[in-house]
Amino acid sequence: MPIYLIALGAVGGRTVVNSWPKPFLPPADLSFGTIRDFLDIAGVWSSALYSVEAAVLCMAFSILLGVPAGYALARFVFVGATTYRLLVLLTRAFPVAILALPLTVGFIRLGLYDTPLGVSLMHTALALPFAVLVSASLFQAIPRELEEAAWVFGCSPVRAFLRVVLPLALPGIAATAIFAFVISWNEVFAASVLTVRHKTLTAYLLSVLSESPLHVQFAGGFVLIIPSVLFIFLVRKRLFSMWGIANR
Amino acid sequence: MNARVIPYLLIAPSLAFLTVLFFVPLVQTVALAFQSDGTWSTATFGRMAGDLNFTDAVINTFEIVIIVVPLQLLLALAMAMMLQHVRGGRDIVLWIWSIPLGISDLAAGLVWLAILTDKGYLNTILVRLGVLSGPQSWLSYETPATLLAAIVVAELWRATAIVLVILVAGVQLIPKEYGEAADVFGATPWQRFTRVTLPLLKPSIQTALILRTVLAFEMFAIVLSIGGRNFPVLVSEAFNWQYNQQDFSVAAAYAVIVMGVSLAATLIYLRVLRTPAAQR
Numbered sequence: 001m002p003i004y005l006i007a008l009g010a011v012g013g014r015t016v017v018n019s020w021p022k023p024f025l026p027p028a029d030l031s032f033g034t035i036r037d038f039l040d041i042a043g044v045w046s047s048a049l050y051s052v053e054a055a056v057l058c059m060a061f062s063i064l065l066g067v068p069a070g071y072a073l074a075r076f077v078f079v080g081a082t083t084y085r086l087l088v089l090l091t092r093a094f095p096v097a098i099l100a101l102p103l104t105v106g107f108i109r110l111g112l113y114d115t116p117l118g119v120s121l122m123h124t125a126l127a128l129p130f131a132v133l134v135s136a137s138l139f140q141a142i143p144r145e146l147e148e149a150a151w152v153f154g155c156s157p158v159r160a161f162l163r164v165v166l167p168l169a170l171p172g173i174a175a176t177a178i179f180a181f182v183i184s185w186n187e188v189f190a191a192s193v194l195t196v197r198h199k200t201l202t203a204y205l206l207s208v209l210s211e212s213p214l215h216v217q218f219a220g221g222f223v224l225i226i227p228s229v230l231f232i233f234l235v236r237k238r239l240f241s242m243w244g245i246a247n248r
Numbered sequence: 001m002n003a004r005v006i007p008y009l010l011i012a013p014s015l016a017f018l019t020v021l022f023f024v025p026l027v028q029t030v031a032l033a034f035q036s037d038g039t040w041s042t043a044t045f046g047r048m049a050g051d052l053n054f055t056d057a058v059i060n061t062f063e064i065v066i067i068v069v070p071l072q073l074l075l076a077l078a079m080a081m082m083l084q085h086v087r088g089g090r091d092i093v094l095w096i097w098s099i100p101l102g103i104s105d106l107a108a109g110l111v112w113l114a115i116l117t118d119k120g121y122l123n124t125i126l127v128r129l130g131v132l133s134g135p136q137s138w139l140s141y142e143t144p145a146t147l148l149a150a151i152v153v154a155e156l157w158r159a160t161a162i163v164l165v166i167l168v169a170g171v172q173l174i175p176k177e178y179g180e181a182a183d184v185f186g187a188t189p190w191q192r193f194t195r196v197t198l199p200l201l202k203p204s205i206q207t208a209l210i211l212r213t214v215l216a217f218e219m220f221a222i223v224l225s226i227g228g229r230n231f232p233v234l235v236s237e238a239f240n241w242q243y244n245q246q247d248f249s250v251a252a253a254y255a256v257i258v259m260g261v262s263l264a265a266t267l268i269y270l271r272v273l274r275t276p277a278a279q280r
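Protein sequence lines correspond, in order, to chains U and E. Residue numbering for the first sequence is 1 to 248, as defined by this note's numbering. Residue numbering for the second sequence is 1 to 280, as defined by this note's numbering.
In isolation and in its complexed conformation, chain U is listed as follows (with noise of 0.2 Å):
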C-alpha cells in the first residue's frame, strides 16, 4: 500500500506532490514523465548503472569466495572449522560504518576510491558470510551419497562436483547471488562514504535528499523499489528455507 503511494508520488510529477489534497487515485493523463525527468537529471543514470555493476560485482565474488567455503564447510571435518564458522557468524554483529571509514583511506592508496569495484569490494564483505552460511546449508541437504556414486562411476571429484552436485545447488545458489545484488543494491552508508563523483543511486539520492523537490526524492525512492520487490518475487519460495537452515 504504501508503495502504491509513492509510486502516485513519482508518475504524478510536481503538480500531484504539491497538489492538495492529494488524489487518491492515479491522475487521469498518467505518464512516466517524472520518472523520465527523474532520469533526465545528471547523475541519476550514471549513478544507476553504478549502482548495478557495483551489485553485480559483489554478486560474483560473494559467489566465487562464498560457495567454496560453504562447501567446505558443508562436506569436510577439520580442526578450524567452527571457529570459521563463528567468526563468518560474527561478522554480522559489526556495524557497516566501522569497516567503510578506514576502508576510505585504503581505498584511496589503492586507486579504488570512488570506484564502483571499490563499493562492491565493501559491500561484499556484508554478502560474503550470508553466501557462506548459506550455500554451506544446500550442499548439507545434497545426499552425499549422489557425489560418491558419481565417483564410484569414475568421476574425478572436480567433474562429480561440476556434473552431479553443482546443477542441483543451482537455484539456490542463483537465490544467493540475487540476495548479495539487492543486499549491495541497498547499502547507503558505505556507498556514500566511499565515493564522490561515481555515486551509486542510493549515495545520490542521500547526497541530493536535503536540496531536491520531493517529486523528484519519491521517484528516486521508486526506482530503488522496483528491481527489490522483482527480487524478492523471484526469490520468495527459497527464502525461508534459506533462513531456517541459516538459523543453525
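Hints are all accurate, no fakes.
Covered stretches of chain E (in silico footprint by chain U; criterion: 3 or more residues with CB under 8 Å from a CB of chain U, positions within the stretch not fixed):
| no. | segment |
| --- | --- |
| 1 | 99-107 |
| 2 | 211-222 |
According to the in silico footprint, chain U covers these stretches of chain E (three or more CB under 8 Å from chain U):
| no. | segment |
| --- | --- |
| 3 | 4-18 |
| 4 | 250-262 |
Hint data in this document are derived by calculation from the structure and do not stem from the laboratory. Since we're looking at a predicted model, the values are computed, not measured. Ideal Cβ positions, reconstructed from N, Cα and C, are used throughout, including at glycine.
We have chain U already, so just place chain E on it with the hints.
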C-alpha cells in the same frame, strides 16, 4: 591432492578477503578512535561527547531501539501465528509480507515521507475524515513526538519482515506432533503457544533479535530521509563527521560506540536466550 588440505584451500580465499576487508579495517577504526596526535588517548571521545548533538544522538538511538525491536518481535510473532491458520493464499500473504525485506532503508524513508509530509496522504485522510481542519506538520523540529512516531512506524513497516521470515522458518522446523500432543493433554491454545511453541522458537528468536538490534543501532538513512538533521542518531552523526566535517577520528569514535553497544546487545541476547545443549 591430500584430502586434509582441500577444505583449507576452499575457505582460504574467503578468509583472506574477510581479513583484508573486515578485520583490518576493524582494528584501524578502533586505533583511529583511540589515538590523537600519534599517542593513545581518549581525547577524540571528549571531542565527540562535547558536541551538541551527541547526547541527542545517544538518546534518540536508544529510544528507537527500545521501542522498535520489542514491537517488531511481538508483531512478527503474531503474524507468524496467524499464518499457521491461513489455508488459502498463504504464499501470497507471505510474499506481500516479505516485500519490505528487499527495500532499502532509504527508499522506505522516502515512502513514508510521501505519506507524512505536510501535504501528504495522512493529512488528506485526516482532513477528509474531519479530524483535522487543515494540514498539520508531523515531521518538523517542533513536533519531536510525532517525528519519533513516524520513524518508528517506518522502521516497523520496513524491518518486521526479516523477523517474520526468521520466525516462520523457525516455526516450520517445529515438529507438528508437539503441538498435537499438547492438544491431547488438554492445553488451551495460549498454553500451547507459551509452553510449546515459544520455547522451541527460542533459537530463532535469538537470531532475529541479534540481527534486528544490530541493524537498529545502525539505522540511519531512514532517519535522514524522514527527519533530516532534526533527528540525530549515532550513525548519522558518524556520517556527518566523516562527510561534512572531514573529521575521521570523531567519526571513528562514533563507529566504535555503535560497535560497542551492538556487541553488548549481542552478548546479552546470547546469554539470556541461550539454549542448553541438552535441549537441542
